[in-house]
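There are 4 protein chains.
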Amino acid sequence: MNSENFSLSEKIVSSSYIRQGSQARRSHEQLIRHLLEQGKCPEEGWSESTVELFLNELAVMDSNNFLGNCGVGEREGRVASSLVARRHYRLIHGIGRSGDIAAIQPKAAGSSLLNKLTNSVALDILKLSGVRSVASCFVVPMATGMSLTLCFLTLRHRRPKARYIIWPRIDQKSCFKAMITAGFEPRKIEELGADNVLCVHSTTSCFAPRVPDRLEELATMCAKYNIPHIVNNAYGVQSSKCMHLIQQGARVGRIDAFVQSLDKNFMVPVGGAIIAGFDEPFIQEISKMYPGRASASPSLDVLITLLTLGASGYKKLLSERKEIYSFLAQELKSLASAHGERLLHTPHNPISLAMSLDGLQAESDKAVTHLGSMLFTRQVSGARVIPLGKEQTISGHTFRGFMSHSEEYPCPYLNAASAVGITRDDVTLCIKRLDKCLKTLKKDGNAAKSKFCFGNTLGSSAR
Amino acid sequence: MNSENFSLSEKIVSSSYIRQGSQARRSHEQLIRHLLEQGKCPEEGWSESTVELFLNELAVMDSNNFLGNCGVGEREGRVASSLVARRHYRLIHGIGRSGDIAAIQPKAAGSSLLNKLTNSVALDILKLSGVRSVASCFVVPMATGMSLTLCFLTLRHRRPKARYIIWPRIDQKSCFKAMITAGFEPRKIEELGADNVLCVHSTTSCFAPRVPDRLEELATMCAKYNIPHIVNNAYGVQSSKCMHLIQQGARVGRIDAFVQSLDKNFMVPVGGAIIAGFDEPFIQEISKMYPGRASASPSLDVLITLLTLGASGYKKLLSERKEIYSFLAQELKSLASAHGERLLHTPHNPISLAMSLDGLQAESDKAVTHLGSMLFTRQVSGARVIPLGKEQTISGHTFRGFMSHSEEYPCPYLNAASAVGITRDDVTLCIKRLDKCLKTLKKDGNAAKSKFCFGNTLGSSAR
Amino acid sequence: MNSENFSLSEKIVSSSYIRQGSQARRSHEQLIRHLLEQGKCPEEGWSESTVELFLNELAVMDSNNFLGNCGVGEREGRVASSLVARRHYRLIHGIGRSGDIAAIQPKAAGSSLLNKLTNSVALDILKLSGVRSVASCFVVPMATGMSLTLCFLTLRHRRPKARYIIWPRIDQKSCFKAMITAGFEPRKIEELGADNVLCVHSTTSCFAPRVPDRLEELATMCAKYNIPHIVNNAYGVQSSKCMHLIQQGARVGRIDAFVQSLDKNFMVPVGGAIIAGFDEPFIQEISKMYPGRASASPSLDVLITLLTLGASGYKKLLSERKEIYSFLAQELKSLASAHGERLLHTPHNPISLAMSLDGLQAESDKAVTHLGSMLFTRQVSGARVIPLGKEQTISGHTFRGFMSHSEEYPCPYLNAASAVGITRDDVTLCIKRLDKCLKTLKKDGNAAKSKFCFGNTLGSSAR
Amino acid sequence: MNSENFSLSEKIVSSSYIRQGSQARRSHEQLIRHLLEQGKCPEEGWSESTVELFLNELAVMDSNNFLGNCGVGEREGRVASSLVARRHYRLIHGIGRSGDIAAIQPKAAGSSLLNKLTNSVALDILKLSGVRSVASCFVVPMATGMSLTLCFLTLRHRRPKARYIIWPRIDQKSCFKAMITAGFEPRKIEELGADNVLCVHSTTSCFAPRVPDRLEELATMCAKYNIPHIVNNAYGVQSSKCMHLIQQGARVGRIDAFVQSLDKNFMVPVGGAIIAGFDEPFIQEISKMYPGRASASPSLDVLITLLTLGASGYKKLLSERKEIYSFLAQELKSLASAHGERLLHTPHNPISLAMSLDGLQAESDKAVTHLGSMLFTRQVSGARVIPLGKEQTISGHTFRGFMSHSEEYPCPYLNAASAVGITRDDVTLCIKRLDKCLKTLKKDGNAAKSKFCFGNTLGSSAR
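Chains as they are written, first to last, in the UniProt record's numbering: chain A, 1 to 463; chain B, 1 to 463; chain C, 1 to 463; chain D, 1 to 463.
No lab work stands behind these hints, which were simulated from the structure alone.
Part of the chain B face toward chain C, derived, beta carbon under 10 Å: (1) Q23; (2) F376; (3) T377.
Taking CB as the label site, the calculated pair distances span: (4) C/Q23 / A/A194: 54 to 60 Å; (5) D/K443 / A/Q23: 20 to 26 Å; (6) B/L192 / A/Q248: 46 to 52 Å.
A virtual CB, placed ideally from N, CA and C, is assigned to each residue, including glycine.
Hey, can you work out the whole structure from these sequences and the hints?
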């Protein structure tokens, strides 16, 4: 309420109480002021009531919520369902305008503020997480793969002749398809002239036993040959190691943009990414490459989340993740040795771990995929089982040994990861159920297998 | 509750009442059954309680909501903020998988169902709205422009040599940028060989005085020359005329895909589109071109909206829109004649209208843009004012007479549209305020102008 | 946001847009100002966004939401469940203080404002609905019966010798128990001395064939004998006739308080009432008689509802109700005559109607109660079936012919009412189902009865 | 969804995933089954999604949510505002029927279940908290004071001659008014004959330096003289000591009913209480004394809260409270000694503590009340300051030394309490601010006082 309404309230309820209420309101305003002034993630998280107060204030500023508005355009932020209006806090106009996802909308001052602040808070968090010299970023309502495509499409305009992307193999469909969708062919560097190369496309976070690419070397090489360098940092924000690699790469060499998933790093729903870089004009070029307006939903989610957590809350989540990584490694190691297996040695992968399944493989061909389906039905999610020698064809390219990032990986294995938000209970339960499954498989031998197995497709992809 | 729990309840509350409650539950289940069986928009809209019951049921089926789940993957649908979880009905996993936005997710049976059903209901609504022979469609969490880009990128793989897109000029940045982003150059057909042409990119809904392209002729030509044809049907679903054009075009010639905005046609927040076509494999090819998972938020919004409205509710909205179009035309005509202007004759444009501003232009150079800013401050949104001879450069291409779709449009004008969800009050208020503005501008002459004008940029884009 | 934060926002988003947003905020503030100044129900209903903005502002003023509060009392408005906090808009402190339900709470300026404003808006609505000279009222979180008890208990302190209440019989348990609970014995006036009489307890709204008491005569008599007069106006606010009776009674004679249900008159959940009267000190005395704090929930519900409807919306509901009353009367009359029954002649009852069931009674003893259970299982709710000669004992008093307000009512009948919020569809469906039931009962004769009947208890109380 | 709908879903999404989803649904059903079967608070708290699923299931069973219902009664659970409907989970019919708040409603099977289960879970929690032999209880939507009134009114029917209540003085308005409202006069036992005594009205939880009444002695005396005994256990559920006193009292003597506040013990909004006792018929008699239906809101709040916390969560809250009590005592003791004051010796009061303010009193007359207002403006809530010799008249009775439960308490003091939900931060902040205030008061002497003081009323009641 404004001061006039507070004064009127003093005629209804004792003025000393109203004055205290008005003062209490000011403390929320102070938090908002700090955000507007600094554009940074607040150190201490906001209460839900401050967050909602702020979002309501933003919504009031959008024309679809003006009490006296009359709309005669083709896009007026009208909403048919009140369920839909409520779940978006009545912020309906999305973000950006035709031609620039970062642009301000005249019809939607509140949504525009939301967009600017989210990008600003996201930049602050990237710095806090280790890439101290990042210069610019924006949240885009597309997952990592499509966001990488947007980067490649932007580079195409700068390098019209280029036909190839240099890509240290990583077996995740969306990374590969991001290049294919943008119309490029992944190739090894030696075969190509530098002019024909659009960029190097490197990876930080990935499934063990693969480890993050050596970004310093790649960035140095890119600088030397004048080749752009795009980093897929999908779930790397949560790891200081991955962030350090990017920071170092940019310091000693060239990194044009790095892309990270919102859901994997910030515990929000799937569907958004942050495109960031060290050269503001290039990042703006990418944001201008996005044609048209876009959903504000991922921005809203990440802003709510970061304001609620605060920088300290986010840092706490990261340090817990790190601790649980060690706990998971230790537990997997014990379990592996109890079953005659081993934890694969991947000290450079800070998130994902792998345990060999040699013994299981020895038992029978189907046992490995069977383990996948058993874990699935026992509600262990995310524990990938990688059999030997799987072949997969994506957009005409055939990958041997798919999922293991290598044509001839010597053993089948199981992945488990310590990602942000994981709890000790997750680890304990997973180890317990995994132990039971392994025992069952060994005990029952082939007899049991036909009973549980859902077939290959499900088993190997049970994640 | 299941039958066991209903039985237990009968020990607590009289069994005849519980039995009636259980029967009442069945009537919600019947509605859901009908949806699952038919995959169509229900004729009568559902109550909010049925919608929420259904969404809760879907959420329960996603692994992030399993009571006994333990997650050790990198993407487990964890949510940090309960505000965020609630606003998404705890559906966190998004839609699609790496490599196909229409794919089913093992971790998220509920979200997968949501995705499939939304696409199926959307298809039904496209048929109802006039494109009876549409074969396939999917909802994509990107606005129209980026969705068109995805279509062009898909075509590129089919026509590797193509460098040009034939495009009947329409002055909307995102349409143009959709082509540029995908890496193509818009050109006139005579200059080019057919092999070099990626596709024809035509438009239905647009601002008057432009009218929808003659799709029958274009589609016939595309069939003859074997050139793909992509239609930008941005807000055309709401008009039976636009939908009829597409239906006819596909019948007599070739239309590969048509793309429509969710927010403009279905009164949901900005950020989604439907990509549809007459050849299922091609539409699937586009959906597989989207690399990675995607936000479920636009799908959720449109599903909630269509279930709540029902087919009958949506049809009612469309017929109201049509009536208000006539009302708006009539009111604008009277106003125009009262001010010595005229309603531009654009009988083929079923949504947007234009009124000349010759008299205003005669008064002074600035008066026209001034009108734009006056309407903006008076909370008339969507009424575009188009001055003479505006030049605009987009991605290196310069457009003369920008916003009027033509290099030398003879007069300045004002646009107003009757879009779905508009009310009679919107029209009445708009006309009243417009009348006042025009009077003020004439009365005060130049004196008043300097006081109100916010400058060119705002004035001309006040929508 | 305050002006400082709007200024800061202008550095992030164009100042003209922010200024418009700030202006938009002011229009919400204006509505709130009007409410605070006038204390009346706004003529036009508020949008949900204004209502929620206002409630959030109130919540911010309560100490449990102070960002810097530390609580060391025994009652600090702490909430364990966020579901609970949200559903109460974080207004946790209830209303009133020890010793006065209308008192202001130092810890809860917002809740105190809510309480005062609700009472003030309720008073305005009572005036609008016909009791123009009402002087004071308050919302109490107890249903009508318990609220009447509170009135009687207050009168007891004024009339310590009184032992009797004069009560024109009305067969509703809670009315009777309200007197018993307060410790009094209902009696006819002739038997008693005036000093021994606590009050006259009259009734307006009631089931046909009973009609409202003749309040003018009763009030005149009360004035003459100096006996307090309490009116049970349970669902009478919705009828201009009932309200007129009260207004006239108070004008020509004596009415000390009249009590109305919130749920029945204002379409809110069960559990609140308004105690109103023409002498402010007496109403205050009642409010001070309520020992301790109380739930704010009914006040919150009725305030949200009245602000959302506005005076015009509420009046529209009332006039619709009146129209549907005529429609229901007409439909029931036709149906009755088609089945050889008649609509009972009760022109003075403006809400409830009754249709004879003589024919059914003639058929068999059980047919009448059987009709009740048939209607129940066919989801016709609120249609009471009144058999002949039911006896009921309440707190030791035996009522013959219970439910018909009379010892020997000549025929069994069925009640139906046109209460606020009813729709034409309700009437049409009810008549259709009733017609079917009556046909079935006649056709099948005794054979069918044993099959459907749930027994006496349910049948007669199927409402 | 029912099994038929799950089967249909298997045609849309892979059946193994749907089957897992259906299994996941069963785990929620299992929790509900357990609740229905046992009627006890679950040991582990439910997730919010299970709670909401359950409430939605209950709502579906109420006739106002029947999809095919037609209502022609005067009370049909219609709701005008969707905000109101949502916040009550569409449970609109309240609890109870005319004449019994515990009765089942034919129109509302879901709300009836809610009512029964809440009472059953509340009974379980009372047992867990120490009154193991409690036989019956019910939640009533009235605060403690009005609930005590209801008990007294019920006793009145059993003891028609009684005029007095024996009441060990406790200075809280609502306790006193509860007796006055019910029409009785509090008196000392020696003056009266047993027949003239309605009951003994004793107290457990109270502000220090008062301590809980010696319930064993009182209960023994009541048994001996055959006098009913009602215990005000306002916020005693949270203390094992208070609960033990009641358990012991009932074991060795007579306790007819004990009444506790919902908000103070269970962290829900103000406005509900639990009336409990050892003789089921008497508790039923009280529940039947409540005339008419009642708000379900307090029942809903406490059920949500207890299901969410689970028994283990509630016990954890209680043990934290106990620990913080010790911490508060220790901190207050240190502070007191630093300022030349002392912690009053009240070992039998397990919740409230008191610190002398002799030094402050010595400084000036106004300093003590001034401290109250200083704490209020510094957002220390609940810290009561009790000056010497305050006189208060309630309903004609004058209390000397009001608030200190004694006519001539020797020193002024300050109260602080460790109530359920308190945190260590609350204590630390309170001590810090209190320290600062005391220093300021001493330093500035009289000069400062006129500046800060809001006057007597506020100062002394700043809680």
